[in-house]
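Trainee: Protein chains in written order, with numbering that gives the first Met the number 0: chain D, 0 to 285; chain W, 0 to 277; chain S, 0 to 93.
No wet-lab data here; the hints were simulated from the structure. Some hints here could point you the wrong way.
Taking lysine-lysine pairs in the BS3-like style, the calculated list, with each CA pair at most 30 Å apart, reads [claimed, not checked]:
hint: 1; chain 1: S; residue 1: 1; chain 2: D; residue 2: 245
hint: 2; chain 1: D; residue 1: 245; chain 2: D; residue 2: 178
hint: 3; chain 1: W; residue 1: 84; chain 2: W; residue 2: 266
hint: 4; chain 1: D; residue 1: 178; chain 2: W; residue 2: 84
hint: 5; chain 1: W; residue 1: 236; chain 2: W; residue 2: 266
hint: 6; chain 1: W; residue 1: 30; chain 2: W; residue 2: 84
hint: 7; chain 1: D; residue 1: 178; chain 2: S; residue 2: 1
hint: 8; chain 1: W; residue 1: 236; chain 2: W; residue 2: 84
hint: 9; chain 1: S; residue 1: 70; chain 2: D; residue 2: 45
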Amino acid sequence: MYSDSSLEPNQSLPLQGRGNVVVLNSKFKMNALHDELAEFSHAIIKGVPSSLGFVASPHYSADIGLEVYSNNYRGNLQDALAGAYPVIEQLVGADFFRQLARGFISLHGSCSASLFDYGAELGDFLEHDEPARALPYLPDVAKLEWACHRAYFATDVEPLNLARLSQVSADEYANIFLKVHPACYIVRSPFPIVALWQAHQPQGSFEINLASGGEIALISRQRDVVNVREITPDEAYWLRAVIHGKNLGMATVSTLETFPTFDLQNTLLLFASLGIWTDFTLGETS
Amino acid sequence: MYPPATSVLPCSAGIGLRAPHYREVLGTLPKLGWVEAHSENFFGGGAPLHTLLAVRQHYAVSLHGVGMGLASPDPLNEDHLAALKQLCDVVQPARVSEHLCWNTVNGDVINDLLPFPHTHAALAHVASRIDHVQAVLGRQLLVENLSSYLSFTSSEMSEGEFLAELVRRTGCGILFDVENLYVNVRNLGVDEDEFIRAIPAHAVGEYHLAGFSVRDGCLVDTHDHPVYDAVWTLYEKVLRHIGPRPTLIEWDGNIPALPVLMAEADKAQQRMEACCVL
Amino acid sequence: MKNQQVLSLAIGSLLALGLVGNAAAADTKMEKCYGVAKAGANDCGSKKAGHACAGHATMNNDKHDFVALPKGTCDKIAGGSTTESDDMMMKKGM
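Using the sequences plus the hints, can you model the full thing?
Mentor: As C-alpha cells, then:
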C-alpha cells in the first residue's frame, strides 16, 4: 500500500545513494511509488471516474484530469490502429472502425512503448467481433495490412552477396540454406485479399469478384518500398519450406512432390528480384 | 560526466520535423536552425530511418524520446534502450532527450507521458536509470520537465528541485519546455519563479515551445496551436534568467504548412536575439 | 540427378542475372506499393484532447450508445458480405 511511505523515516538525500541501507529503504519507498502508479494506470486504462485520493488539481476535480489521461490513452491507441490498418478503416468506414477500435482496445492493452507495435491481434479480433463478421474477408485483409506495417519498419539488411554465392560449387547447391529478409511475410486467404488490398491503393480498381477464390499474398520490401503481390501455391509452399529451415535440396524435393510442375528457376529469380534473399549458409537439413 | 554532444545544436530556433514536411524539407532545404525528431518513430529500418539520415546530411538533429519511461516502476526496457543506442550510432544526433515521466507498470504500457510523485525514493530511482541510460548511450541525456493534468499529493519536492537534484547526481542536462511549465502553472498552481530559480542554468541545453488546448478549465498539452502570448512572455522571462539556448517549435496535431512553422520559429529567434542584445 | 540439374540451372541463372533485389530489376506487372511516408505514431503532444473523442462522455462509456454498421468501400465489393448484412445492404439499395 502506498501508505507505507508515511511509515518510513524521512530519509535525507544520501550523496552516494547506493549503500545497502539506502537500497533497502528505497525499496519500501519504491513499493509506495509502484502502488500509486499502478492504481493511477488502472484508472486511466479503465477510463472510469475513480476516487484516487493521491492526485489533485487546485483548479478542477481530479476526475477531469483523469479523463484527459484516459482519453489520451485510448485516442493514441485508436490512432495507432488507424495508422496500421488504413484499408480496414476504408472498408468499414470511420464510424464502424472507431467502434471496432474501442472494442479491441478494451481487450488488448499496449505492451510496447512504441505505438508502431500496437495492434498485431486485430485480425484475430475481427474473426470474433460480431458486427465485423458480416464482412468475412476483414480478418485476412487485416493480417495482410499488419504484415505491410511490420515490413515497413523492419530492420535494413544487406542483400545476398552473389560473389560469395558464386564460390559455392554446384554439387553443394542442395545444401544451401537461404536467409530471408525480415520484411518478408506470407499471408494466405480463401478470399482475394491482394485484389482487395490493391483496390485501396492509388489507381486501384474495385472490380473484384469475391467468388474468384483465395489468394496468397507475399509482402516484401525493397529499399523503402513495401510490395504486395500474389504468389502461387507452389511458390508459397517452397518459400515456407525455406523459411522454416529446409535447405534448397529438401525444399525443392518436397515442393515437387506436391506440385510436380513447380519451376524452381523462375521462383528463385522472382524472389531475388523482390529482394527477399539476404544471406546463405551451407549444411544438411537436420 | 559525458560530453554534451558529438555535434552541436546552433543556438537558434528549430522545428519539430514531422512526416507531412519530409518531402518539402528535403526538396527545398529551407533555412532551419535545426530539427528535432521523435526517436521511437525511427526505430528499425526502411523509409523512416533513411529519411532521417537524409535530413541529417543538411541539418543538426536532436532526438527526442517519448517512450523510455525514466520514472516507470517496471525495470527499464533494455531493448528500447538498445534501439535508441543503435539509432544514435547511425544518426549521430546533436542532442538526445527524454521526458521526466513514466509509462509502464506491471507490464501494462500507457503510451503517454505520465506524472509521478516527486519523492526522494523516486529521485533515487530516476537518477539510477539516467545513470544507466547515459552509460549505455555514452553521452549526456537532456531530461524534459513534464506538462501535467494532476499532481501527486505525496510529492516531497517541486519538479524544479527534482530536476536540479537529477542534474547534480547524474550530470544530465535539462530540456526546459516553457509551455509545459505554463501548463503546470495554470493547472496545478506551480510557482513559475520558483521553478526557474531551481533550474541550474548551466544544465539547460534546449527549450521547447508549443500551443495547448483548454478543456473544462484544464490546459491540455496538445501541440496543435501557435504559441500563445502568455507562453511567449514566460519564454522571455526564462531567456532573461537562464539565457538563450536552441529553441524548438513543437507542432504535432493539425500540423500547419511549413512556412507557418518557420514563422513561429522566427518569433523565437527574434526573442533570443533581443535577449542577447540586452 | 534431376534435382541437382534443377538447382544448378536455377542458381546459375541467379548468378548470371546478378539479381539481388535492385528496384530496377523488379518485375513490372505487380504491384501497388505501400505508403512511402507513413506518419509517425509516437508523439509527445496530448493530441487526443482536442478531438471529438475527448468530449464529455469517456470513450469507454459511450460504447453502447449506438451500433455502427460497416459503411465504407465494402459497399463496392460485390457479394462482399454474409446474409445478415447483405439484407441491410439490399435495403440501402445496393
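Trainee: Now look at each hint and say whether the structure bears it out.
Mentor: Checked hints:
1. S:1 to D:245: Holds, at about 19 Å.
2. D:245 to D:178: Within the cut-off at roughly 11 Å; holds.
3. W:84 to W:266: With Cα atoms ~34 Å apart, residue 84 of chain W and residue 266 of chain W exceed 30 Å; violated.
4. D:178 to W:84: 26 Å, holds
5. W:236 to W:266: With a Cα-Cα distance of about 15 Å, the restraint between residue 236 of chain W and residue 266 of chain W holds, given a limit of 30 Å.
6. W:30 to W:84: Given that 30 Å is the threshold and the Cα spacing comes to 29 Å, the pair holds.
7. D:178 to S:1: 24 Å, holds
8. W:236 to W:84: Distance of about 35 Å is beyond 30 Å: violated.
9. S:70 to D:45: Judged against 30 Å, a Cα distance of about 29 Å means the pair holds.
Of the numbered hints given earlier, the model fails hints 3, 8; all others are met.
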